[in-house]
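Asks: Sequence:
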Amino acid sequence: MRKKYLVELSPDERQRLHEIVSKGKSAARKILHAQILLKADSSRDGPGWTDEQIAEAYPVSVRTVERIRQRLVEHGLEDALVRRRASYGRRRKLDGEGEAKLIALACSKPPEGRTRWTIRLLREKLVELEVVRSIGREAVRCTLKKTNLSLG
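In my numbering, the protein residues as written are 466 to 617.
Think of the hints as simulated: they come from the structure by calculation, not from any bench. A hint or two may mislead.
Listed next, the in silico EDC-like pairs over lysine to aspartate or glutamate satisfying Cα-Cα at most 20 angstroms (straight line) [as the list claims (entries may be wrong)]:
#1 Lys490 <-> Glu473
#2 Lys566 <-> Glu593
#3 Lys574 <-> Glu564
#4 Lys566 <-> Glu531
#5 Lys490 <-> Asp544
#6 Lys495 <-> Glu543
#7 Lys611 <-> Asp544
#8 Lys566 <-> Asp544
#9 Lys610 <-> Glu562
#10 Lys495 <-> Asp544
#11 Lys504 <-> Glu531
Each pair of labels, with its calculated beta carbon distance range [what the hints assert, rightly or not]:
#12 Lys610 <-> Gly513: 51 to 59 angstroms
#13 Gly601 <-> Lys574: 23 to 31 angstroms
#14 Ala522 <-> Glu473: 14 to 22 angstroms
#15 Cys572 <-> Gly601: 17 to 25 angstroms
Each residue gets a CB set at the ideal place from its N, CA and C atoms; glycine is no exception.
Construct all of the structure, not just a fragment, from the sequences and the given hints.
Replies: Structure, rendered in structure tokens:
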């Protein structure tokens with residue numbers, strides 16, 4: 466199968482990777498990625514190993530080798546060497562003002578016919594007051610817990 470992301474290192478990049486590997490002063494993952502890129506180098510001076518050969522030689526999967534190749538081609542050498550932060554994080558539903566409104570609401574008198582506020586009631590009231598468009602039970606619970614506020 467033909468490789469989609471072909472690694473062709475320049476002499477400067479190859480020298481930098483050799484320094485990372487030989488000094489051994491970097492993070493283990495960075496050294497491993499440098500070794501993988503050196504073996505994957507298909508330029509005139511590189512060994513041009515296949516992904517399968519690299520995966521056998523180092524404790525990684527073929528898919529990991531493919532991802533490292535892809536990151537080098539698409540984003541450059543630095544990005545291929547360092548670990549990426551997870552990008553699946555979400556924005557918080559409640560900012561400081563929203564948290565203040567939630568706390569004030571939880572400390573206020575409960576709705577008529579109720580003896581106390583429940584998380585469900587607080588969620589519904591926050592949406593009703595248009596503090597947020599929607600909010601999950603866990604977001605309300607964590608906010609109350611963070612402030613050491615008990616509903617009971």
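Asks: Now look at each hint and say whether the structure bears it out.
Replies: Hints, verified against the model:
1. Lys490 <-> Glu473: Judged against 20 angstroms, a Cα distance of about 25 angstroms means the pair is violated.
2. Lys566 <-> Glu593: 12 angstroms, holds
3. Lys574 <-> Glu564: Answer holds: Lys574 to Glu564 is near 17 angstroms, not above 20 angstroms.
4. Lys566 <-> Glu531: 48 angstroms, violated
5. Lys490 <-> Asp544: 18 angstroms, holds
6. Lys495 <-> Glu543: With Cα atoms ~10 angstroms apart, Lys495 and Glu543 stay inside 20 angstroms; holds.
7. Lys611 <-> Asp544: 36 angstroms, violated
8. Lys566 <-> Asp544: Violated. Lys566 to Asp544 sits at ~42 angstroms, over the 20 angstroms cutoff.
9. Lys610 <-> Glu562: 17 angstroms, holds
10. Lys495 <-> Asp544: At roughly 10 angstroms apart (the allowed maximum being 20 angstroms), Asp544 and Lys495 satisfy the hint.
11. Lys504 <-> Glu531: 13 angstroms, holds
12. Lys610 <-> Gly513: 51 to 59 angstroms: 55 angstroms, holds
13. Gly601 <-> Lys574: 23 to 31 angstroms: 25 angstroms, holds
14. Ala522 <-> Glu473: 14 to 22 angstroms: 20 angstroms, holds
15. Cys572 <-> Gly601: 17 to 25 angstroms: 21 angstroms, holds
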